[in-house]
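Undergrad: The lines below spell out each chain.
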Amino acid sequence: MTSAIRLVFSNSKYLLLSITIFSTMLVGLLILSEYIFLEPYVVSHLPSGTEFGFILIVTISALSALVLPMNIFRINILKKSKQKMGGGVFGSIIGVAAGACSCGPIGFAVISTFGSVGATATAFLTNYEIPIRIIAIGILAITCFTTVRSLKIECKFDPNS
Amino acid sequence: MNKTGVIIGVIVIAIIAGVATSFTSSSETVNLDMSRTHGTISTAMGSPILGDPSAPITIVEFGDYQCHQCYNWFHNTKPAIVEDYIETGKANLVFVDLAFLGRDSPISAQASYCAEDQEMYWEYHDMLYTFQDSKIDGGWANSERLKAFAGDLRLDMELFNSCLDSGKYSKRVQYNTQQARDNGVRATPGFFIVGPDGQEKIGGAQPFSVFKQVLDKMI
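Just so you know, the sequences run in chain order H and G.
According to this note's numbering, the residues represented by the first sequence are 218 to 378, in order.
According to this note's numbering, the residues represented by the second sequence are 351 to 569, in order.
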């Protein structure tokens, strides 16, 4: 596994992409889930009882930053199909969507626009935020392992290297 | 032409009658200071004032009883604000409903005003945020549970039930929700800190340190 990761991230372009994905997702999700506030002052806040949600956000961001560049590497360098890319993107999207808490401005906009249908959708995302994030982590982890396995086969790694 | 005129006339009369009825029922059943405002916000239909009404600063909180972030703010930030600013007379607090999250949100807001009829608004408010369940519309704030909360506070159940079942305060909650929208509140909890020289908006369940900075600046 480490050899496949080393192969991809030895290219500074993919390392930079990974750092960008991680920092963007992490900061975005932390703002969305109200761990970071920008107004009236920039401040971070971890209220008691929300620690597990914070850990899930960090995990989703880290896995997305690992999986997405590896799949882009497969598509660009090895000219392989985009099939496995779907898992990574899907996992990332549902991980992000779970953070669209109905209390927040996104939830408010959805409910204001779509009425009771929007309220039901945001209530679902809020009520099952933790399980949805765990599913997203599962999807990203499976995609990560299958991508590494594909890279091993496609790049013909020496398992002892 | 004559027929159209009659139809328009009937519609106009119906609208006027509807508006008149709504205003009449509100003024008959709700004894409120309709001129009460804080900054740009009409808080006339909001909660009673928590703390000294003559305090120089008013914290206006827009919230929903089913909102998890409101729950976080209630448990993590509000106690320090109450201790340092409200109990010392430096500030007071008004809660205004932005009841939008689900079907049980408006009814729980109405229930809080039914408790106010028996001078137990803040006790009921605190109880709802103490026993909030993590699931929106999961049944914790349905009509039966709201009545059970009232029973736990030993309210007069006959009065409370008739108040809640009649929807006595539905227009009051609607008015408050409209106030939130008119003042650009797009999430709960949302706050306006209204001082002698103006007002400042704080969005979200922010920590005590942020409120302290804003409040100290205004004192």
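The hints are simulated quantities; they were obtained by calculation from the structure and are not laboratory data.
Hints are supplied without guarantee of correctness; some may be wrong.
Said to hold, decoys possible - Just some of the chain H residues that point at chain G, by a computed CB distance under 7 Å:
id	residue
1	PRO264
2	CYS320
3	ILE328
4	PHE331
5	ALA336
6	ALA338
7	THR343
8	ASN344
9	GLU371
Don't be surprised by glycine CBs; every beta carbon is placed ideally from N, CA and C.
Undergrad: Which hint numbers doesn't this structure obey?
TA: Failing hints, ascending: 4, 6, 9.
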